[in-house]
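**Student:** Chains as they are written, first to last, in my numbering: chain Y, 1 to 108; chain D, 1 to 114.
By construction, these hints were calculated from the structure, which means they are not laboratory data. Do not take every clue at face value.
[To be verified] Some chain D residues flagged as far from chain Y (calculated, every beta-carbon gap over 10 Å):
1. H29
2. R55
3. T97
4. N100
[Unchecked claim] Here are the computed distance ranges between Cβ atoms for each label pair:
5. V38(D) <-> P7(Y): 16 to 26 Å
6. N100(D) <-> S67(Y): 34 to 44 Å
7. R107(Y) <-> K30(D): 18 to 28 Å
8. N100(D) <-> A108(Y): 31 to 41 Å
9. N77(D) <-> S67(Y): 39 to 49 Å
10. N21(Y) <-> K13(D): 16 to 26 Å
11. G3(D) <-> L51(Y): 20 to 30 Å
[Unchecked claim] Stretch by stretch, here's where chain Y covers chain D in the computed footprint (C-beta under 8 Å, at least three residues):
12. 78-87
13. 102-114
Quick reminder that beta carbons are idealized off the backbone N, C-alpha and C, glycines included.
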Amino acid sequence: GQNIDQPTEMTATEGAIVQINCTYQTSGFNGLFWYQQHAGEAPTFLSYNVLDGLEEKGRFSSFLSRSKGYSYLLLKELQMKDSASYLCAVRDDYKLSFGAGTTVTVRA
Amino acid sequence: DAGVTQSPTHLIKTRGQHVTLRCSPISGHKSVSWYQQVLGQGPQFIFQYYEKEERGRGNFPDRFSARQFPNYSSELNVNALLLGDSALYLCASSVGTGGNNEQFFGPGTRLTVL
């Protein structure tokens, strides 16, 4: 089975940094994805990690440790528009298994 | 370029009825996956189709069925609707399956069962 855990909610101030952790126990592993989802909208792709280490994409970075079953998404220089749900998802052979999502609220 | 499209956007049904949801993938994408997202939860995998064949099925009852057409569009059918089927149904397309094939999500169909 698949077990993917991430915090339910996080709050941060505009301009700050927030780190969203994700731990997983899955029967197979073929990569870890992070998606952003604004309320009432579809998830949009942020990052993909399949090897250990850090992937950086502008203000967003994602880290993976396969041996620890652990990933994090780092959001830097937070903006109000970053207020959204952030979903951690693990791919096995073909499907994505999602965590419940972390709602990030950015305050002015 | 057009992204993944889904129809209808919203749908209201009553218990016991059936529903058909439709999805058109991004041009050139041969794989379509369906997910159910209940409010406050992450998407749950229902089906994946690739080249018109079912590649995988999630833990959903037989009331849920799907198919993929020669043009790679897809339909999700749900029979004998229950209140618990109320959710956002997301379709995602990708070039292929597995690996780093990014899944692009459509806007979803919000189904309400009364």
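**Student:** Determine for every hint whether it applies to the structure shown.
**Tutor:** Evaluation of the provided hints:
1. The beta carbon of H29(D) sits about 14 Å from the closest Cβ of chain Y, which is more than 10 Å, so the claim that it is off the interface holds.
2. Interface exclusion of R55(D) from chain Y breaks down, the closest Cβ pair being 5 Å apart, not more than 10 Å.
3. Some Cβ of chain Y comes within 10 Å of the Cβ of T97(D); the nearest lies about 5 Å off, and the non-interface call is violated.
4. Annotated as non-interface, N100(D) brings its C-beta within 10 Å of a C-beta of chain Y; the closest such distance is 5 Å.
5. For the pair V38(D) and P7(Y), the supplied restraint of 16 to 26 Å holds, since their beta-carbon distance comes to about 19 Å.
6. In this structure the hint that N100(D) and S67(Y) lie 34 to 44 Å apart at CB is violated, the actual value being about 20 Å.
7. Our hint of 18 to 28 Å for R107(Y) and K30(D) is violated, since their Cβ atoms are close to 44 Å apart.
8. The hinted range of 31 to 41 Å is satisfied by N100(D) and A108(Y), whose Cβ atoms lie roughly 37 Å apart.
9. Our hint of 39 to 49 Å for N77(D) and S67(Y) holds, since their Cβ atoms are close to 42 Å apart.
10. Judged by the Cβ atoms, the range 16 to 26 Å given for N21(Y) and K13(D) is violated: they are separated by roughly 39 Å.
11. At about 29 Å, the beta-carbon gap between G3(D) and L51(Y) stays in the expected band of 20 to 30 Å.
12. Counting residues of the segment 78-87 of chain D whose C-beta sits closer than 8 Å to any C-beta of chain Y gives 0, which falls short of three, so the coverage hint is violated.
13. Evaluation of the coverage hint for the segment 102-114 of chain D: fulfilled, as 7 residues show C-beta separations to chain Y shorter than 8 Å, against a requirement of three.
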